[in-house]
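Student: Below, each chain spelled out in residue letters.
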Amino acid sequence: MGVVVKKVELSWLDRTYVWPVMKGMGITLRHFFRQLFTPTAKRYTIQYPDMKKEMPEGYRGLHELKRFEDGAIKCVACFMCQEACPARCISIEAEEFSELNITQGFEEKRPAKFSIDMLRCIYCGMCEEACPKDAIWLRKDYEVAAYDRLAMQYGKWDLMNTYAKADGKENISGDPTPSVPRRTIAM
Amino acid sequence: MDKLASLLHTSPATAWMVAKLVIVFGGVFSLAALWTWVERRGAAMIQDRIGPNRAALFGKIKIIGLAQPLADGIKFFFKEDLVPHDANKALFWLAPFLALVPALMGFAVIPFGRSFVSGGHEYHLALLDPGNGMGLLYPLAIGGMAVYGVLVAAWSSNNKWSILGGMRSSATMVSYEIGMSLAVVTIFMTAGGYDPSEVIKAQGHLPWAWNVVRQPLGFIVFFTCMFAETNRLPFDFAEGESEIVAGFNVEYGSMKFSLLALSEYCHLMTASALIATLYFGGWQVPFVQNPSVLLSVASFLVKMLFFAWVFVWIRWTLPRFRYDQLMHLGWKAMLPMSMVNLVFHAWRMSQGH
Ligand code: SF4
Ligand code: SF4
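So the protein lines, in turn, are chains A and B.
Residue numbering for the first sequence follows this note's numbering, starting at 1 and increasing by one per position.
Residue numbering for the second sequence follows this note's numbering, starting at 1001 and increasing by one per position.
It is worth saying that the hints were derived from the structure and are not from the lab.
Please note that a few of the clues may not be correct.
Claimed, not checked - Calculated cross-link-like contacts (lysine to any residue; reagent style SDA-like; alpha-carbon spacing at most 25 Å):
hint	chain 1	residue 1	chain 2	residue 2
1	A	K53	B	R1049
2	A	K52	B	A1044
3	B	K1062	A	R15
4	B	K1062	A	D117
5	A	K42	B	Q1325
6	B	K1332	A	K52
7	A	K53	B	G1065
8	A	K52	B	K1062
9	A	K53	B	R1322
10	A	K23	B	K1062
11	A	K53	B	V1288
12	A	K23	B	A1044
13	B	K1060	A	T38
14	B	K1062	A	T40
15	B	K1332	A	Y44
16	B	K1062	A	L13
17	B	K1332	A	P132
18	B	K1062	A	P49
19	A	K23	B	I1061
20	A	K52	B	A1013
21	B	K1332	A	W12
22	B	K1060	B	R1049
23	A	K42	B	R1322
24	A	K23	B	I1314
What the hints assert, rightly or not - Short, incomplete list of chain A residues facing chain B, as computed with Cβ under 10 Å:
hint	residue
25	M1
26	V5
27	H31
28	R34
29	Q47
30	C78
31	F79
32	Q82
33	V144
34	T162
Using N, Cα and C, we set each Cβ at its ideal position, and we do this for glycine too.
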């Protein structure tokens, strides 16, 4: 069954071609002037090294290992993230860290080493999903680059300090002696 | 001028000629180079982008990217200069000049300011003095030569796509030249001569007496043909990324390519100067009977640069034509239009207007 295609009827003005051209030129000129009188900061183009895009909430950028108020790492080395990671780029070594144990309100484990190979990471956020302690977050930094491969192996301290400057926190490079109970468990 | 003449140990006439040569060709050339930047910035603005604004002098002074043509020039200069193995070497070298020289030469007869008398000498602000017998036929003839640059570049590089580009541009030339010439003939007829100074004098200083008002049909035809003549969008058949790789200049690189690219912009400048002279009163300043020389030069420059900008503006507004569409337009629309224009004005003149 055939379909009758209706052709658009052009008015005689449109068929002269000159008038539509002038209309088109009006449109482009409007864009030109609008762009000309917009300050650079408000234009659509973000001039990257000078200006940076503010990433939306929930953006999956560089990881951060979260810490408690006193600087102790939140991660309990449960290996959930390592299991969940589809790119197999997390490797954790756990350690037991003090005589203080779970009955006294302290976790017993923490990672001695925690490394993410940023060259392999696909920023899928599975580690964040899997973590029972909310200890690993993917946040807004997207400038993950380095001059050599080794520098892309982020260790425990790198990961704990990735957002220290952005959040106005101090860089830490050692585990504090735990003093305050993290939680109280009715045994 | 006499001082300059004694400095160069020549007669004032020769010194004036040299000065004019330097001013005109240097001016057109640097305007053309500047226009590569204007084109890119303008395109960017029209498309809501920013365009080249980062090129800086000594890595510091960023004057809205004005150093871009300079940077491009340096880059082109240091690029490897490849000549394809099976190319016709001599013609391959010659082609950029064949393209550039006619584009510049067309400017020679166009008066860019009022003539003035100083020290008993009359100085004309055009490379060739009025009454040289060629008048405005000369830029038209030279404009016709420009297609050789494209064609020779295309043919000598021995590449199927470039030949296709060259053939397309020469094929289209046939279809617009006649309509354009007839439009210009009408102007010669009403002005009573084909010398640019006569054409300008006939138009006078009142904008409503300019040829654009008196012969709008002729203006539309001539204006459209100028786009075809300069090989620019919407009629840039010699090039075409999507169909013939890059067109007639595929095999070109380095300085030779930049000469080909510059020749397009020189041609654009010459074309806008022609439009300003033929249809917008040349150096005449609106409503000023006898403008000073500087004012007349400024007026001419404003008109010329405005049309150069219109070339850019149209390029980023209109989609391209197919080349049979231009032939269609040339033979079936522009030729009859300029014929009607010619006959109408001939009739009007016979009625004593
Ligand atoms: S974001 Fe995905 S790939 Fe990267 S470490 Fe987490 S789970 Fe692995
Ligand atoms: S980051 Fe979270 S999931 Fe990974 S080991 Fe530490 S607590 Fe477990």
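Student: State for each hint whether it applies.
Tutor: Now the hints, each set against the structure:
Of the supplied pair hints, the one linking K53 (chain A) and R1049 (chain B) holds, its CA atoms being roughly 16 Å apart against a limit of 25 Å. Taking the CA atoms of K52 (chain A) and A1044 (chain B), the gap is near 21 Å; set against the 25 Å cutoff, the hint holds. At roughly 46 Å between alpha-carbon atoms, K1062 (chain B) and R15 (chain A) are farther apart than 25 Å, so this suggested pair is violated. With a C-alpha separation of about 40 Å, the suggested pair K1062 (chain B) and D117 (chain A) falls outside the 25 Å cut-off, and the hint is violated.
For a cut-off of 25 Å, the pair hint linking K42 (chain A) to Q1325 (chain B) is broken: about 41 Å separates their Cα positions. Of the supplied pair hints, the one linking K1332 (chain B) and K52 (chain A) is violated, its CA atoms being roughly 55 Å apart against a limit of 25 Å. The suggested pairing of K53 (chain A) with G1065 (chain B) holds, with an alpha-carbon distance near 23 Å, which does not exceed 25 Å. A C-alpha spacing of about 20 Å is found between K52 (chain A) and K1062 (chain B), which places the hinted pair at or below 25 Å, so the restraint holds.
Restraint check for K53 (chain A) and R1322 (chain B): the C-alpha separation of about 41 Å exceeds 25 Å, so the hint is violated. This hinted pair does not check out: K23 (chain A) and K1062 (chain B) have alpha carbons roughly 35 Å apart, beyond 25 Å. Between K53 (chain A) and V1288 (chain B), the direct Cα distance comes to roughly 54 Å. Violation of the 25 Å bound is thereby established for this hinted pair. Straight-line distance between C-alpha atoms of K23 (chain A) and A1044 (chain B) comes to about 20 Å, which keeps the hinted pair within the 25 Å bound.
With a C-alpha separation of about 24 Å, the suggested pair K1060 (chain B) and T38 (chain A) falls inside the 25 Å cut-off, and the hint holds. Distance hint between K1062 (chain B) and T40 (chain A) is fulfilled; the C-alpha atoms sit about 14 Å from each other, no more than 25 Å. Taken as a hint, the K1332 (chain B) and Y44 (chain A) pair is broken in the structure, with Cα atoms around 44 Å apart against an allowance of 25 Å. Between K1062 (chain B) and L13 (chain A), the direct Cα distance comes to roughly 46 Å. Violation of the 25 Å bound is thereby established for this hinted pair.
Of the pairs offered as hints, the one joining K1332 (chain B) and P132 (chain A) is violated, with about 77 Å between alpha carbons and a cut-off of 25 Å exceeded. With a CA separation close to 15 Å, the supplied pair K1062 (chain B) and P49 (chain A) stays within the 25 Å bound. For the suggested pair K23 (chain A) and I1061 (chain B), the alpha carbons sit about 39 Å apart, so the restraint of at most 25 Å is broken. A C-alpha spacing of about 61 Å is found between K52 (chain A) and A1013 (chain B), which places the hinted pair above 25 Å, so the restraint is violated.
Distance hint between K1332 (chain B) and W12 (chain A) is fulfilled; the C-alpha atoms sit about 17 Å from each other, no more than 25 Å. Restraint check: the Cα-Cα separation between K1060 (chain B) and R1049 (chain B) comes to about 23 Å, which is no more than 25 Å; the hinted pair holds. With a C-alpha separation of about 38 Å, the suggested pair K42 (chain A) and R1322 (chain B) falls outside the 25 Å cut-off, and the hint is violated. Distance check on the hinted pair: K23 (chain A) and I1314 (chain B) sit about 11 Å apart at the alpha-carbon level, within 25 Å; holds.
Here the hint on M1 (chain A) is broken, as its CB sits about 33 Å from the closest CB of chain B, past 10 Å. Interface restraint check for V5 (chain A): the shortest CB-CB distance to chain B comes to about 22 Å, outside 10 Å, so the restraint is violated. At about 5 Å, the closest approach between the beta carbon of H31 (chain A) and any beta carbon in chain B falls short of 10 Å, and the interface hint on this residue holds. Annotation: interface hint on R34 (chain A) holds; nearest CB of chain B at approximately 8 Å, less than 10 Å.
Annotation: interface hint on Q47 (chain A) holds; nearest CB of chain B at approximately 7 Å, less than 10 Å. For C78 (chain A), the shortest C-beta to C-beta distance to chain B is roughly 49 Å, which exceeds 10 Å, and the interface hint is violated. Given hint, F79 (chain A) at the interface with chain B, is violated; its Cβ is 48 Å from that chain's nearest Cβ, farther than 10 Å. Because the closest C-beta pair between Q82 (chain A) and chain B is about 44 Å apart, greater than 10 Å, the hint is violated.
Nearest Cβ of chain B to the Cβ of V144 (chain A): about 24 Å, over the 10 Å cut. The hint is violated. The beta carbon of T162 (chain A) comes no nearer than 30 Å to any beta carbon in chain B, farther than 10 Å, and the hint placing it at the interface is violated.
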